[in-house]
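Student: Can you make the complete structure from the sequences, with help from the hints?
Going down the list, the protein sequences come from chains A and B. Be aware that the first sequence starts at 1, since it is given in this note's numbering, and climbs by one per residue. Be aware that the second sequence starts at 1001, since it is given in this note's numbering, and climbs by one per residue.
No wet-lab data here; the hints were simulated from the structure. Virtual Cβ for every residue (Gly too), placed ideally from N, Cα, C. The hints are all genuine.
Only part of the chain B face toward chain A is listed, based on derived beta-carbon distances under 10 Å:
hint, residue
1, Ser1012
2, Arg1014
3, Gln1015
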Amino acid sequence: MSAVDPVEIFHAEAQELLEQIEQGLLDLSHRPGDKELVAAVFRALHTLKGSGAMFGFDALANFTHHCETAFDRVRKGEVPATPDLVSAVLNAMDHMRALAEQKPCDPAEGEALLAELERVVALASGHAPASATPSSPAAAAPAAVDAGPARKTWQVVFTLAQDVLVNGTRPLPMLDELRELGECEIRALTDAIPPLEALNPAHCHLGWEVTLTTDQGRSAIEDVFIFVMDDMTLDIQEVGGEPPADVLADAPTPTAPAAVELAPATAGAAHPEADVATAAANGDAKSARADASVRVPAQRLDELMDRVGELVIAQSRLKQIAGASQDMNLRSVAEEIEHLASELRDSMMSVRMVPVAQLFGRFRRLIHDLARDTGKDIDLITEGETTELDKTVIERLADPLVHLIRNSADHGLETPAERLAAGKPAKGRIILAARQAGAEVVITVKDDGRGVNRDRVRAKAEENGLLAPGAVISDSDLLQMIFQPGFSTAAKVTNLSGRGVGMDVVKRTIEGLRGALELSSPAGEGSQVALRIPLTLAIIDGLLVRVGTTRYVIPLSAVEECLELTPEQDVRSTGRSVLTIRDQLVPFLRLRSMFNTKAPPDVYQKIVVVSTGGERVGLVVDQILGDHQTVIKPLSAFHAEVGAFSGATILGDGGVALILDVGHLTTEAAQNDPAPLRAAS
Amino acid sequence: MPAILTVDDSASLRQTIKIALMNEGYSVSEAVDGADGVSKADSGAYDLILTDLNMPVMDGLTMIRELRKKPAHAGVPILFLTTESDAAMKAQAKAAGATGWLTKPFDPDQLVKIVNKVLAR
Chain A
1 MSAVDPVEIF HAEAQELLEQ IEQGLLDLSH RPGDKELVAA VFRALHTLKG
51 SGAMFGFDAL ANFTHHCETA FDRVRKGEVP ATPDLVSAVL NAMDHMRALA
101 EQKPCDPAEG EALLAELERV VALASGHAPA SATPSSPAAA APAAVDAGPA
151 RKTWQVVFTL AQDVLVNGTR PLPMLDELRE LGECEIRALT DAIPPLEALN
201 PAHCHLGWEV TLTTDQGRSA IEDVFIFVMD DMTLDIQEVG GEPPADVLAD
251 APTPTAPAAV ELAPATAGAA HPEADVATAA ANGDAKSARA DASVRVPAQR
301 LDELMDRVGE LVIAQSRLKQ IAGASQDMNL RSVAEEIEHL ASELRDSMMS
351 VRMVPVAQLF GRFRRLIHDL ARDTGKDIDL ITEGETTELD KTVIERLADP
401 LVHLIRNSAD HGLETPAERL AAGKPAKGRI ILAARQAGAE VVITVKDDGR
451 GVNRDRVRAK AEENGLLAPG AVISDSDLLQ MIFQPGFSTA AKVTNLSGRG
501 VGMDVVKRTI EGLRGALELS SPAGEGSQVA LRIPLTLAII DGLLVRVGTT
551 RYVIPLSAVE ECLELTPEQD VRSTGRSVLT IRDQLVPFLR LRSMFNTKAP
601 PDVYQKIVVV STGGERVGLV VDQILGDHQT VIKPLSAFHA EVGAFSGATI
651 LGDGGVALIL DVGHLTTEAA QNDPAPLRAA S
Chain B
1001 MPAILTVDDS ASLRQTIKIA LMNEGYSVSE AVDGADGVSK ADSGAYDLIL
1051 TDLNMPVMDG LTMIRELRKK PAHAGVPILF LTTESDAAMK AQAKAAGATG
1101 WLTKPFDPDQ LVKIVNKVLA R
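Tutor: Structure follows, in structure tokens:
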């Protein structure tokens, strides 16, 4: 069976079809209104045309096409099947038969038959005959060719319609196909994945961002998506082979009023000028999806966040008033508003949260370029890409991280030859990791290079007058020199570092985010910079405490436990600043003495054990007042030097409480010599 | 060996498709119209279904809709044959749940290319 030539089958089939058509037409002359008959004739004509074209019977296909068109109009009810029309097609049957049998026949006769057909169709539809322009159904539109031999780099960002998986489209083969076009770097966009309870596993929630370097043109890339083009978002941008500097300039600058991307459908939004390919077809699906996500300027979200902050403050006033009232209705409303405000705060913040993957993804290209420019072999390892951070924070982190990674690649990592000589693998590693620790996200940039060269740091610091020649200084203080303004270790200014942006700028940027930065570098074992960034800049859960007559807020996320300091313990621990809590020694700070509180202490003082970065420290306070939604207000520039506080907040009764900087206090405790502070008012 | 079901009322076309795909190492089954297509698809596990749209008894669009209603056929690629002039048909078939299409007339190489593309070979 399989050996039979399809053309032979077609001969028999054409005969059969012609008979069907003829029979149908004859029946139709008796029952002109029979839709079934019309449909059957149309179908047979359609098949005859299609198969004819398949097997090289172009003349037959072309001729039949006109009869089919006529019957299509009948089928759609535009033209009645008049006796004239039926007989015109019947008259054309013999011509079709001759064409199907490949007998010689007169083209003029065919023309005449078609002209007659056209005339009766026009008559039947009540229109004058239009000029006949027989078009060949066999003429397939030649594909546009724009492929030049030049290699170009393209940024392809696409998301598919949700139902593509059910409809048999497989994203993986598409990615494979893209990969076959050239060198390819593929990153999945995961922002649109709904929470587990809302996730429909049959839907496609992913988008992809592909950096493709190929000698093929745009049309070759578009071909990959040919079947899904109509209902997807596709953005193909030529990025070319620019120098790394320009690519980096692409990263949003901190000052830019960046729009917050709320959905992957707008993944191309990193390039505002991007013409996201849209198709006219499937307009409904398109608009439905457009409704599902909205792009708003980040500024509006900031305004909204401010309002939420004000609401939280007003709510805490209400709570206070309701607490003092006997009115149960007022109390229950106050409680409800408290819940709503807290939920509103959480959803407001989640709107602003994006995974750091968005940020980390940018650095792959950077590493690639750095490796090329330095001649070093570099592996970028990213960890914890799903860790989420406030969008604004992420944008502001881009530049500092670029700088740190450059530093690692340029100064930290050795050349392959040096590495091999030092007994390390030739390929250097830079590890970019993010993890959440309480209300902070810790981002580390770590390399396995040569580490910080202390001698060079010292020489440079002395040269720049930051350090007196020969001064004795601890190792950690020496490392801190790197963050001093006007310090640059680059012995020679290379293309990569020494652009005038020093580590001091990195430090300032991080501190501007209320974050902290730690450099550690055991000699010869590479270096690590850890950035501790608060999850959000606006509102935190806090623990309200009282020391003397003043109230303070401790970030709740840092609080491990609260204990009582008995008078006996108090006396026993005098002169030492260490307590034994469940067989563990925990250093503690008396906030009373730090803040020079004159009022007599409560009999039963409390210890709030806080931890940060693995360090635990107890803070002795007079009273724990309870939890408090803390809207963070920055301290004025005059108080920027007061390290113990990270900000202030307004309380329900209109009073002000300072927010304790737990990281700073832990460091103080570790130094075991807390300098008394004046309580800032 | 991936199994393909070709649904077409034209025997010559089925034969063309069959030869082209069998040469590529696919196993090919045939159905003569949409209703036949649904019952064959239900009784066998196919990796891909290739169908004409214009067919007697049950047309291709109806068949695609019927198949997509059944969870067993979710995710099975369905390609349909269409002509240049049938732009509206293309949109309808896509909306019905088809994966892709092949424009008639096609040569066997095109067919193989499209099937390989969809099946990722």
